[in-house]
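Engineer: Letter by letter, the chains look like this.
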Amino acid sequence: MNPWKRLVGGCRRRSPWLFHLNAGSCNGCDIELVACITPRYDVEQLGIKLEASPRHADILCVSGPVTRNTAQAIRTVYAQVCTPKAVVAIGSCPASTNVFAGSPTIEGPLSRHLPVDVFVPGCPPRPDAIIEGVARAVQILAERAEARPASPAEPGDGHETGKIADGGPR
Amino acid sequence: MNSAHLLRLLVFPGLLYAIPAAWVFLWIERKAVARMQRRIGPPFLQPFFDFMKLLGKKTPPRPGVDGALMRAWPVLAAASAAGAVGLLPVLPRAGGFAGDLVLLLTLLELPSLFLIAAGFSSRSPFGQIGSAREAALGLATSAVFVTAVLGIATAQHTFQLEALVQAPTSLLRWLGIAAILLCVPAKLHVTPFSVANAEQELYAGALTEYAGPELALWELAHGLEWVALTGLVAALAAPPVASVWAAAGWWVGISLVVVLLLSVLAAATARVTVEQAVRFYWRAAAVVAVLAVSASWLLGAGS
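Residue numbers (our numbering), protein chains in the order written: chain A, 1 to 170; chain B, 1001 to 1303.
Mixed in with the good hints there might be a few duds.
Mimicking BS3-like on lysine-lysine, the simulated pairs with C-alpha atoms at most 30 Å apart in a straight line are [unchecked claim]:
id, chain 1, residue 1, chain 2, residue 2
1, B, K1058, A, K5
2, B, K1031, A, K5
3, B, K1031, B, K1058
Quick list of the computed label-pair ranges, beta carbon to beta carbon [stated by the list, open to error]:
id, chain 1, residue 1, chain 2, residue 2, range
4, B, L1261, A, R126, 33 to 43 Å
5, B, R1035, A, E143, 32 to 42 Å
6, A, R40, B, A1268, 12 to 22 Å
7, B, S1003, A, R40, 35 to 45 Å
8, A, C123, B, A1178, 49 to 59 Å
9, B, T1273, A, R40, 43 to 53 Å
10, A, E146, B, P1092, 47 to 57 Å
11, B, W1282, A, I140, 47 to 57 Å
Hints were generated in silico from the structure; no laboratory data involved. In this text, a Cβ means the ideal position worked out from N, Cα and C, and glycines have one as well.
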């Protein structure tokens, strides 16, 4: 690996910017994510920033069971996040649709729509758990970028083009 | 352009000093706000990490938007902010030319204009609202800012920065510096005047559609604006000294003090509305600026 790529890779590990996407969450997980930037948890010391635009972000944090209204929106927002990128599912809802399983208005779980890298279980998860999940996502992000540096999309992957990994709603 | 000008533009206080200083100033602001909120805050190299990481990202396509234009704005903004830093009269006998104050004022104004243009050419509704707010704030502050600088210049009968800085400090100049200091938070989008890039409220304002290396250049341009504006205040407030090292030391020191003052302001206040910001500048800050320019004109006519 050349020095330039090593430098960029090292900086990538120290500067993960998050975009928070609510896919029909009850606001419980959202509050816990915001708690991460308060003085008690202070994720800014890890270089983590909550960004306002998905185009600025490296890691997409999704909460909620993916309602019918948000299913298209999460794919649009995912396509706007620049490569290399990673997805963290926050809470039990995106992992399993939780208590909403079987509802006709729910199109979850999230893995039907996006390639999820890290699941953070809990209803809601503690901020410590969210921070650990993001830290793991940073590792995955850095390894992914090193494995495939700035190459065109590989077939069937979905990470480079933002297309759906798992076939979408069935 | 002689070698002295080139040295100023490229080495000190120009690019070689200004780019690391931009990152350090951005770090000091973030760290100071974090410490005042009882947080630990980002590591020293954080703005550098952010810049390098953004350089390594790819920009997704922006259908329906003129890509060349979008790419040009951050480059122009960074270039004009860097040019403004290079013009600052920091070292004694560094040279200059008649009317370089006018060029400096223009270069300090341009990044804001490029930001407005960028927001409108991104065709994002959030970008357009951000640009409209930036334009309203620009109208409010620019009049005060230019009046304050003119007040200082009228008192010394010169538009040349070198002569302006070397002149003995007077009460009038401190009045002008106070008016400039009142404008600096709005020009740097520091809370309470962060109405244009109001994050979470307008998404990312004019920069909503920007990503990757272009966003990195915007961050750099923003840092260079910090160096330029705090540097302007420092150059006017620093005592005239003969030694090159002492002059540079005073300038950097006062710049850092201004950065810390702005951080305290950012940590202590909440965002105001556009109307409140415009009202503050046209009612309160304008009084100081008009006082400075009229007093210097009256005293100049009397002497």
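Engineer: Against this structure, judge whether each hint is valid.
Structural biologist: Consistency of the hints with the structure:
1. For a cut-off of 30 Å, the pair hint linking B/K1058 to A/K5 stands: about 14 Å separates their Cα positions.
2. Distance hint between B/K1031 and A/K5 is fulfilled; the C-alpha atoms sit about 28 Å from each other, no more than 30 Å.
3. The hinted pair formed by B/K1031 and B/K1058 meets the criterion: a straight-line CA distance of about 29 Å does not exceed 30 Å.
4. Under the hint 33 to 43 Å, the C-beta atoms of B/L1261 and A/R126, about 38 Å apart, fit the expected range.
5. About 34 Å separates the C-beta atoms of B/R1035 and A/E143, a value consistent with the hinted range of 32 to 42 Å.
6. With their beta carbons about 21 Å apart, A/R40 and B/A1268 fall inside the hinted range of 12 to 22 Å.
7. B/S1003 and A/R40 have their C-beta atoms about 55 Å apart, which leaves the hinted 35 to 45 Å range violated.
8. At about 55 Å, the CB distance of A/C123 to B/A1178 agrees with the hint of 49 to 59 Å.
9. In this structure, B/T1273 and A/R40 break the distance hint of 43 to 53 Å, their C-beta atoms being roughly 31 Å apart.
10. Against the hinted window of 47 to 57 Å, the Cβ-Cβ separation of A/E146 and B/P1092 comes to about 50 Å, which satisfies the hint.
11. Under the hint 47 to 57 Å, the C-beta atoms of B/W1282 and A/I140, about 52 Å apart, fit the expected range.
In summary, the structure is inconsistent with hints 7 and 9 from the numbered list given earlier, while agreeing with the others.
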